[in-house]
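S.K.: Sequence:
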Amino acid sequence: MMKNLRPLCLIPILTLLSTVAFAVPAAGQIRHVVWVWFENRETEAITPATAPTFANFAADNANFTNFYGVSHPSEPNYVAAFSGSTQNILDDGHYSFPATVDNLAKQMSAAGRSWRVFAQNFPGNCFDEDIDATAGADGPGVGGLYVRKHNPAMTFQSVTANPVECANVRPLADFDPTVDFALVVPNQTNNMHDGTTAQGDAFLQQFLPLVANSPDFAHTLLIVTFDEGTTAVNGGGHIYTAAAAPWLHNKTIAGNFNHYDMLRTIEDVFGLPYLGNAATGTTIREILPPAAVAADFDGDWKTDVSIYRPAAGQWWYQRSSDAAVRVRQFGTATDRIVPGDYDGDGKTDAAVFRPATGEWFVLRSSNLTYFSLPFGIASDTPAPGDYDGDGRTDPAVYRDGAGTWFVLKSTGGVSFINFGTSGDLPVAADYDADGRTDAAIFRPATGEWWLRRSTDGVIVLPFGSASDRPVPADYTGDGRPDVAFYRPATGFWFVFRSEDFTYFSFPFGTSGDLPAPGDYDGDGRADAAVFRPATSEWFINRSTAGVSIRQFGTVADRPVPNAFVP
Numbered sequence: 001m002m003k004n005l006r007p008l009c010l011i012p013i014l015t016l017l018s019t020v021a022f023a024v025p026a027a028g029q030i031r032h033v034v035w036v037w038f039e040n041r042e043t044e045a046i047t048p049a050t051a052p053t054f055a056n057f058a059a060d061n062a063n064f065t066n067f068y069g070v071s072h073p074s075e076p077n078y079v080a081a082f083s084g085s086t087q088n089i090l091d092d093g094h095y096s097f098p099a100t101v102d103n104l105a106k107q108m109s110a111a112g113r114s115w116r117v118f119a120q121n122f123p124g125n126c127f128d129e130d131i132d133a134t135a136g137a138d139g140p141g142v143g144g145l146y147v148r149k150h151n152p153a154m155t156f157q158s159v160t161a162n163p164v165e166c167a168n169v170r171p172l173a174d175f176d177p178t179v180d181f182a183l184v185v186p187n188q189t190n191n192m193h194d195g196t197t198a199q200g201d202a203f204l205q206q207f208l209p210l211v212a213n214s215p216d217f218a219h220t221l222l223i224v225t226f227d228e229g230t231t232a233v234n235g236g237g238h239i240y241t242a243a244a245a246p247w248l249h250n251k252t253i254a255g256n257f258n259h260y261d262m263l264r265t266i267e268d269v270f271g272l273p274y275l276g277n278a279a280t281g282t283t284i285r286e287i288l289p290p291a292a293v294a295a296d297f298d299g300d301w302k303t304d305v306s307i308y309r310p311a312a313g314q315w316w317y318q319r320s321s322d323a324a325v326r327v328r329q330f331g332t333a334t335d336r337i338v339p340g341d342y343d344g345d346g347k348t349d350a351a352v353f354r355p356a357t358g359e360w361f362v363l364r365s366s367n368l369t370y371f372s373l374p375f376g377i378a379s380d381t382p383a384p385g386d387y388d389g390d391g392r393t394d395p396a397v398y399r400d401g402a403g404t405w406f407v408l409k410s411t412g413g414v415s416f417i418n419f420g421t422s423g424d425l426p427v428a429a430d431y432d433a434d435g436r437t438d439a440a441i442f443r444p445a446t447g448e449w450w451l452r453r454s455t456d457g458v459i460v461l462p463f464g465s466a467s468d469r470p471v472p473a474d475y476t477g478d479g480r481p482d483v484a485f486y487r488p489a490t491g492f493w494f495v496f497r498s499e500d501f502t503y504f505s506f507p508f509g510t511s512g513d514l515p516a517p518g519d520y521d522g523d524g525r526a527d528a529a530v531f532r533p534a535t536s537e538w539f540i541n542r543s544t545a546g547v548s549i550r551q552f553g554t555v556a557d558r559p560v561p562n563a564f565v566p
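Anchor point for the sequence shown: position 443 equals 443 in the numbering used here, and the numbering is continuous, going up by one each time.
Keep in mind that the hints were calculated from the coordinates and are not lab data.
All of these numbers come straight from a predicted model, not from anything done at the bench.
Glycine is no exception: its CB is placed at the ideal position from the N, C-alpha and C atoms.
Take the hints with a grain of salt, since some may be wrong.
Stated by the list, open to error - Calculated lysine to any residue pairs in the SDA-like style (CA-CA distance at most 25 Å, straight line):
no., residue 1, residue 2
1, K347, N367
2, K347, S379
3, K409, D345
4, K409, T455
5, K409, T476
6, K347, N250
7, K409, G344
8, K347, S543
As the list claims (entries may be wrong) - What follows is a list of derived Cβ distance ranges for each label pair:
no., residue 1, residue 2, range
9, S536, S379, 30 to 40 Å
10, T369, A534, 30 to 40 Å
11, A99, A135, 24 to 34 Å
12, A173, D91, 54 to 64 Å
13, A378, N66, 49 to 59 Å
Could you build the full structure based on these sequences and the hints that come with them?
M.R.: Set out below in structure tokens:
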């Protein structure tokens with residue numbers, strides 16, 4: 001079955017190392033992070049029987065199976081997650097570190113970002129005592145004690161000595177899901193410290209709608225965790241952690257992570273330098289959104305079945321959110337479709353490249369206005385992507401004869417990249433998952449992929465043959481596109497896993513089908529799919545929801561998810 005493939009090998013050409021936070025992953029896609037903390041449970045104590053809300057939340061979204069606290073008792077875990085260090089705290093005492101000590105609140109304010117700590121039953125007015133026993137109603141759940149040791153912002157004088165900063169510490173009744181970063185600390189009953197697991201579960205059940213009903217939930221990442229467990233495994237015990245976002249569905253994350261890794265990931269989201277131990281941690285790419293979802297016209301993180309009808313210059317798409325069919329008139333018969341999110345609103349824009357004039361025409365999904373610009377010549381191959389990591393698609397072309405890439409960055413300026421030779425095919429994607437599209441080519445003559453990764457250097461992967469169709473996408477859900485191809489002669493798909501450099505193959509299609517991969521079920525993994533022109537049928541092998549067959553289009557239509565398949 002694999003006789004046409006050369007033996008796989010990796011040829012590292014250049015290695016680039018960086019110790020600073022990389023470009024914001026899918027910039028503009030995560031605008032809000034809500035981080036909710038509970039107390040003192042090993043993950044084995046959180047079960048469908050004891051905590052059904054927690055169990056369902058993890059099962060429906062992204063469930064961490066190997067997440068750990070970093071220390072004991074409680075306070076050093078909160079401080080570590082807020083500053084990248086336990087600050088040598090070994091107990092639950094009253095600590096106050098100088099304003100020079102860096103922390104997440106200080107970082108957010110310096111970057112012009114909004115932040116809040118919503119501490120349940122916090123009395124306000126920069127209250128700096130260890131305990132407040134008012135215990136009245138304050139948001140979801142029941143009344144209970146507020147304790148300072150679970151409010152890490154109050155440990156730093158950059159907050160407590162500055163009235164403006166200290167005003168960002170609020171009672172939970174003031175909860176606002178639209179701030180950039182929110183740390184949510186339930187009271188001693190609802191966080192399970194003094195209360196029961198059932199009381200914590202009831203709190204979470206009441207709290208979740210406050211986030212889900214946010215006017216900008218489409219760009220929100222919600223994290224639910226515990227400070228520590230009851231054992232010393234990996235420092236602070238094996239703890240429940242789960243995350244939810246519109247792009248996370250039924251996902252299990254098996255890697256070993258802790259509070260420092262989560263802090264690092266949050267800093268990546270906001271483009272902040274790494275604090276302390278976050279610098280040596282691991283970014284949790286599995287919970288970050290993909291750089292873009294192909295042909296997502298309604299912004300629900302799912303690929304929509306969609307076609308371009310050249311004869312009429314029409315875009316037809318069936319929205320996955322409500323199955324409604326929409327039509328846009330935009331283009332001519334000789335245009336090349338170049339769909340992408342050019343306005344950064346999280347939705348695919350209809351766009352075309354006109355070879356005859358070297359012009360780009362983009363119909364913004366945000367307001368249905370269009371713009372055009374000259375960028376390229378007739379023989380160029382369009383290869384748009386988010387090359388500058390700002391969350392907007394940049395017009396780009398690959399000039400075959402010169403082996404040169406031209407990128408018109410939405411942040412300003414033009415980039416020239418010499419990468420490729422005559423006969424190469426552009427296969428641009430964000431192969432190193434740093435939020436920036438990488439120039440890359442497939443060389444049919446040798447069956448080689450050359451990837452110019454913006455942070456990890458150049459790598460060469462022999463994988464495929466001259467007649468194969470490159471279809472790179474994240475088929476395994478690790479946050480990185482996999483090198484992959486579709487073999488028209490046999491209808492087989494071959495995927496080279498980015499996480500471990502092994503491959504798998506499977507049959508899905510027949511001769512004459514057009515490959516149209518995309519994340520049709522929204523589970524964060526690309527699905528193999530083909531459009532069959534002879535019958536106008538779509539066959540979609542959804543990784544979570546199973547095979548779907550539907551009729552949509554006519555024989556001469558071009559499937560939109562196929563736009564950049566060479």
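S.K.: Now tell me if each hint is right for this structure.
M.R.: Cross-check of the supplied hints:
Among the hinted pairs, K347 with N367 is consistent with the structure: their alpha-carbon atoms are about 11 Å apart, no more than 25 Å. A distance of roughly 29 Å separates the Cα atoms of K347 and S379; the hinted pair therefore is violated under the 25 Å criterion. A hinted pair counts as satisfied when its Cα atoms are at most 25 Å apart, and K409 with D345 qualifies at roughly 17 Å. Between K409 and T455, the direct Cα distance comes to roughly 18 Å. Compliance with the 25 Å bound is thereby established for this hinted pair.
Proximity of K409 to T476 is assessed by CA-CA distance (about 29 Å); at most 25 Å being required, the pair is judged violated. With a CA separation close to 23 Å, the supplied pair K347 and N250 stays within the 25 Å bound. Taking the CA atoms of K409 and G344, the gap is near 13 Å; set against the 25 Å cutoff, the hint holds. For the given pair, K347 sits about 22 Å from S543 by alpha-carbon distance, which is consistent with the 25 Å threshold.
In this structure, S536 and S379 meet the distance hint of 30 to 40 Å, their C-beta atoms being roughly 32 Å apart. Take T369 and A534: their Cβ atoms lie about 38 Å apart, and the range 30 to 40 Å holds. The given range of 24 to 34 Å is respected by A99 and A135, whose C-beta atoms sit roughly 32 Å from each other. Under the hint 54 to 64 Å, the C-beta atoms of A173 and D91, about 30 Å apart, miss the expected range.
Roughly 53 Å separates the CB atoms of A378 and N66, a value that falls within the hinted 49 to 59 Å.
Of the numbered hints given earlier, the model fails hints 2, 5 and 12; all others are met.
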